[in-house]
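Student: Generate coordinates for the entire structure from the input sequences, incorporating the hints supplied.
Residue numbers (our numbering), protein chains in the order written: chain A, 1 to 538; chain B, 1001 to 1502; chain C, 2001 to 2486.
Worth flagging that the hints you see were computed from the coordinates, not collected in a lab. Note that this is a predicted model, so its numbers are computed, not measured. Beta carbons: idealized from backbone N, C-alpha and C, even for Gly. One thing to keep in mind: the hints can contain errors.
[Unchecked claim] A partial selection of chain B residues facing chain A, derived with a Cβ cut-off under 10 Å:
#1 Gly1388
#2 Val1389
#3 Ala1425
#4 Leu1429
#5 Ala1482
#6 Ser1484
#7 Leu1486
[Said to hold, decoys possible] A few chain A positions that, by computed beta-carbon distances, are all more than 10 Å from chain C:
#8 Ala6
#9 Leu57
#10 Pro238
#11 Leu250
#12 Arg467
Here is how the chains run, residue by residue.
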Amino acid sequence: MDALIALSLLAPLLVAALLWLPAGRAPGLRLAPWAPLPALVLALAAPAPFELDLPWLLFGSRLGLDETGRVFLLFTALIWLAAGWFARAWLAHDARRHVFAGFFLLAQAGNLGVCLALDAASFYGFFAVMSIAAYGLVVHDRSAAAWRAGRVYLTLALAGEVLILSGLLLAAGAHPLAVACLILGFGVKTGLPLLHVSLPLAYAATPIPGAAVLAGAMIKAGLLGWLRFLPLGEAALPDAGTAMLLAGLLAIFFGSAVGLAQRQPGALLAYSSISQMGYIAVAVGAGLLAPGLWPLLLPAVVLYALHHALAKAALFLGLGVAERHGATHWVLAGLALPALALAGAPLTSGLLAKSALKPALAGLPAPWGEPLPALLALGALGTALLMLRLFWLIRRQTGQPAAPGRGLAAPWLLALLGVAGLGAWLAPTPTWQDALEAGAALGASWPIAAALALAFAAVRLRLPAPRIPPGDLLLPVERMLAALLQPGRPLPPLAAPPSMLPPPSAHPARVEARLRAWPLAGMLWLIGVAILLALLAR
Amino acid sequence: MIDTWLPVGVVLSSFLPGLFIFFLAESRIRLRTALNLIGALAKLALIGVMLWGVLNDHEYVFRHTVLPGLDLVLKADALALLFVTLSAVLWLFTTLYAIGYLEGAPHRSRFFGFFSLCVTATVGVAMAGNLFTFFVFYELLTLATYPLVVHRGTEQAMRAGHVYLGYTLGGGALLLVGTVWLYGLAGQADFVHGGSLAALPPETAGQLQVVFLLLIAGVGVKAALVPLHGWLPLAMVAPAPVSALLHAVAVVKAGAFGIVRIVYEVYGVEFAQSLDLLTPLAIAAAVTIIWGSLRALFQDDLKKRLAYSTVSQVSYIALGVALFGPLGTIGGLVHLVHQGIMKITLFFCAGNYAETLGIHKISEMDGAGRRMPWTSLAFTLGAFGMIGVPPLAGFVSKWYLGLGALEAGMPWVLAVLAASSLLNAAYFLPVLHRIWFRPAPSAWPAEHIPQRGRWETAPLLLLPPLATAAAILLVGLFAASAFSPLDWAKLIADREYLQWTP
Amino acid sequence: MTDFLDPLPWLIMLPLAWGTLAFVLGPGRGGRLAIAAIALQGLLVLQLAGQLLAGGARVHAVGGWGAPLGIDLLADGLAAVMLLLAQAVALPLAIYARGYFAAQPKGRELFWPMTGYLLAALNALFLSADLFNIYVTLELLGLAAVGLVAIAGGQAPVTAALRYLLATLLGSGAWLLGVALIYGSYGSVSLAILAPLVGADAPLAATLAAALMLAGLLLKTALFPFHFWLPPAHGGAPAPVSALLSALVIKATFYLVLRLWLELFAPLTTVAAAQLLGILGAAAILWGSALALAQTRLKMLVAYSTVAQVGYLFLLFPLATLVPPDAAESAVQGGVMQAVAHGLAKAAMFAAAGSMIVATGRDDIGRLGGVGAHLPLTLFSFGLAGVTLMGLPPSGGFSAKWLLLRAALETGQWWWVAVMIAGGLLTAAYVFKVLRRAFLPVASGDRVTRVPRTLEFSAFALALAAILLGLFGAPLLALLAVGGAA
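Tutor: Here it is as structure tokens:
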């Protein structure tokens, strides 16, 4: 098992190293898609829980898998596998595909490591490697939009890193600010409101396989950070809990609303992610608020993460297929599965996840216990509308016969299989029973029905779709910064360091010449004698 | 007997080759190279012996009375060996690099002579057993580096040398006054674990505070504490190996090391804390960290940006020293080593860009990664290390500094570290972005060394930065292993706190 | 028989003898003789130092006649240190001079005899035990020195020599006047006899004598503002002469000031007078350094450096007068150490400057480019000497500064600390003004020729001695402590 852990982490790194060497490029590219296989095997085969102490690594590392980590590793590895496989076909004609693969594998190693890390330092290490390497994915297109997305992504990611590091250190010192730093630091990755602005830009700019891992796998690393380092189930933190709960609710509705105003499918999916991660933020906030509920909440959160990760990854890969092959019936049908799952339709992982979440949240004290289920149902309506909007946006895509399209279907199918099967396989039996009740099915169906009706009405009435540029709040901030900084203008230099030499002036020399003249010299000497005499004679 | 002379041997192992080299004719390249390498390897061997001894609680002391009551003491203890080992190892790499860098350049005998003297002085600074000895080698270091700074003989180099001397000799004067004053008060100022001044009568506290200010200002010049840092960015006109020496091996390190010695082994960190000296030091270091980074942001000259980065990074050491508690100590000490490895890598790379392609400015670096991938890889590791990305060296330092800040009850330091990390990223990442993501220009500013097969530049220019870059990764990744810098720093911290209870 | 082997009289007789012989033998053989004789003198001084360390200070009555009628020679620690300095500087300079006059023959005939008389006068002065003998040695010393300044001929050196002559005669005259007043008051000129007689209640005549003698010596030592004669004289003479004058001749008169102040006139000294000497010293440091910095001629720069360095010597008086004995001891040790260190370093510096001038063919700091590449050892010697003058460790200059600083801080006179630090930095400024030029390449149209090896190595030996003094200063201080003032 130790060897398998080592292999899971080293496989992507070794393939990346191979890609670095000019001679290793071709074999590296062939191997690249399969790098996450050891991790997948590990997630399936490892006894849980299991730990591996590495006292010589970093500050003494501990790697391993507990129940949570195992689910995360499972869907993470699966998504990376599907995306990597997809990327090989997607970028077949790209001259810089080895560069993409290099960053892809680095980020992959980081992401897998995050799932396996059981101590703060190594978790942070893997997290940082993942975040920074993903920059290479975001800017891969080298277009203006990609540069901008990369800049915003990296700025926020680094701010997040710094907050996380501070939070981890503060937590080690049991400082009250630790929780805030950790929530915000990982919140950058999970797209908490105000920290979300990089997501729409990045998802729209990144090549499809990159976007799939960003939106599916890496975003969940932020969640795992919350789960690992927040004192969930240990201490009640009403302030932090309330704030997080409210932020989550805001994200749910804000994400849906702004998502509807998007023109690019990628950006729309990003807002959908913001919205979906809102649900998870609500659950984590509830855990901070009421530690007693955490044993119920944790499996629900993990299930929700799994569901959203796979569904979002499948949607992105499906977008790619639609782009290359056109929005054929088969493609739309394939896309419908994850879309329905996100909307929480009956018989999907979405309903399972929501069914797990609902009873746990219902246990919250007033004022939350009552209104939350209703609010969440309203959120489901928003999600359904978003998905309809997505279909609307891609309905006319005709495909690009020139671009490589062979080999895209198989990885997509793998992801779809994951969406269809994994949630059902991993969900506990009570959740199953809840989800299969007629009431639940009915409760899950009405938002979809309502959304369909609304969408139909909107099309009929030719309502103009609102338009909000991706990144929404970012634009005024960018404008303000541009006005403030005017890049390229250097700061005024400080005063030049003082010169060590006084300027050679003629003055002392002239005084010196006077001193040399006998009358003055003689007089000075006589004065000297007199003064000495005066001083010596008491 | 051998115990007495080993420290002297370490000093002489670079001094004697240096003297020989001075009087070698320019054309005796082989002999000069051999002398250089023999000296470097002999030094490493001697240090290896002493490392083994110190680990087994042995101390190597050499004592010579200069004036009655004034001893020249060379002592190899754990702290000394931390610095000695760092500078000896980096010296070897820098020598190799310099041999490649100066191939065919004039005045090489002079250069390598002073180069060896410079390392001699550094080793002396590291192994000084009392404040007087420290001062002796500290001044020698000033004199030995001046000819290196002005080596090119250009107007700009002359000016830089001028300013360098002004600052460092001024600092040396302050240090001298502080030292004499301290000898007057205490009779001696031997470096001993836990310091020796706590025993002085309480009415001298005020004087001791003034002396502390003098001493720290004195060594602060070389450590480039703001506002005493003005010489460092100007000195970047020196050849790249000299910059490496200034920034990583010798000069700024000597200053930072002086702060360590003064706080821990002259005053004693617990006594310094009781005199309220540590918080002002922490504030000075914090200001320097932020200011250096801010200034670095606005430099287009690569070496100048690196120089301001040094201003900022070296103060991490001072900061760690000022954080009362073993964790802060560990952070500061380990950064002494880590900053050296990272900065030397960066300067080697900057030198490679300049020597190979004629690139001096950041705005000329577009696409350099394609042409010089290995150099750029090393540069990238150095830059990420500086930012503090795990698992590289800089992360280890920051981690312990952060823990130390909390232990010392100064959580505001975390904000400084965070801001500094962001600023580091802000001035390093654009460089990396240009190197890796921008298309290369049609022609480089001045391509001196053409691509030869696999070699993107001369082998002697390429191998040292690759070795040090690997070290950046290894000392971070295996920080918890035995014999890592972190391990050694823990050993030292263990011995410096006499009454510490967390 | 033991009397015959006593080194004291030989130290005076030997240089007189070889000086005279050198007249007859001419510069070639005279020079060789001089070198051998000076080496022998050096051995004698070492022997003397050994005797002193073993047996304490002693008096030698020349020809068996004691005071008050005969001539007494007194050897204590201070005298021995100065003797040691004189021979240690003279030997390398003699070797240097042979090489130098081979390249620049002007004045070589008179150099050796004059130097012999100069050394005889110096040794006699250090050993003299009565005021009148000292007057005689002072006059001999002054005349030999003036003669040396003038040997090269030419208008500027002769003018400088004349000015020097007037100054030195004025100084000796004042001394003679003082001796007359003392003799009138106490009826003796023997230091041993006078010492118990002079007390705090000394008559005005004695005080006036003290003032006159001290002021005369200050003039001869070229303490600011009486330094006016020094730069042209030292800057204009041939390099070996400049070195001898700057290193030794002004030290002789300083030695007398120190003796008078610490021994004969100790009861008369006041804090105010000591502070005055200190202030003049401080002014000398700042003024001399500033002017050195403003010079364009290399030798003038070195000469003004002497003006500045003399200032350090006089800082010992406020630090040693009416203060706790610990501090006073430290101050005197510092002052003497400074005299020795400066003697060695300044000799090295003038020698190195002379080599550079020979090599470049002109005395111009702006045209020193290429010296670093062609005369590395000479430049290195100049730098080492500079290190001593700056007071950087490890060097005799540093040890001196350390002791003086310690005394200043112990007696709470921090203003001298500021002066010393400022002086050190100014020194660095003018030393590096030379060094930085030398690092530059040869200017177009200039030519740097090689100089004889002896020039390079003798300067280096002097500079190295100044550095080693910093590492091995303890024996010197032990010798200084023998039987005398400190």
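Student: For each hint, tell me whether it holds in the structure or not.
Tutor: Hint check:
Annotation: interface hint on Gly1388(B) holds; nearest CB of chain A at approximately 7 Å, less than 10 Å. Interface hint at Val1389(B): satisfied, since its Cβ lies 5 Å from the closest Cβ of chain A, which is below the 10 Å cut-off. Look at Ala1425(B): its Cβ gets to within about 5 Å of chain A, closer than 10 Å, so that hint holds up. A least Cβ separation of about 7 Å between Leu1429(B) and chain A falls short of the 10 Å threshold, and the interface hint therefore holds.
Here the hint on Ala1482(B) is kept, as its CB sits about 8 Å from the closest CB of chain A, short of 10 Å. At a threshold of 10 Å, the smallest CB-CB gap from Ser1484(B) to chain A is about 9 Å, leaving the interface hint in force. Among the interface hints, the one on Leu1486(B) holds; its C-beta lies about 8 Å from the nearest C-beta in chain A, closer than the 10 Å criterion. Taking the minimum C-beta to C-beta distance to chain C, about 55 Å, the non-interface status of Ala6(A) holds against the 10 Å cut.
Every C-beta of chain C lies more than 10 Å from that of Leu57(A), the closest at about 46 Å, which supports listing it as non-interface. Its beta-carbon lying about 62 Å from the closest one in chain C, Pro238(A) satisfies the requirement of being farther than 10 Å from that chain. Separation of Leu250(A) from chain C is adequate, the least Cβ-Cβ distance of about 64 Å exceeding the 10 Å criterion. Here Arg467(A) stays apart from chain C, with its beta-carbon at least about 68 Å from theirs, past the 10 Å limit.
Consistency note: the structure conflicts with none of the earlier hints.
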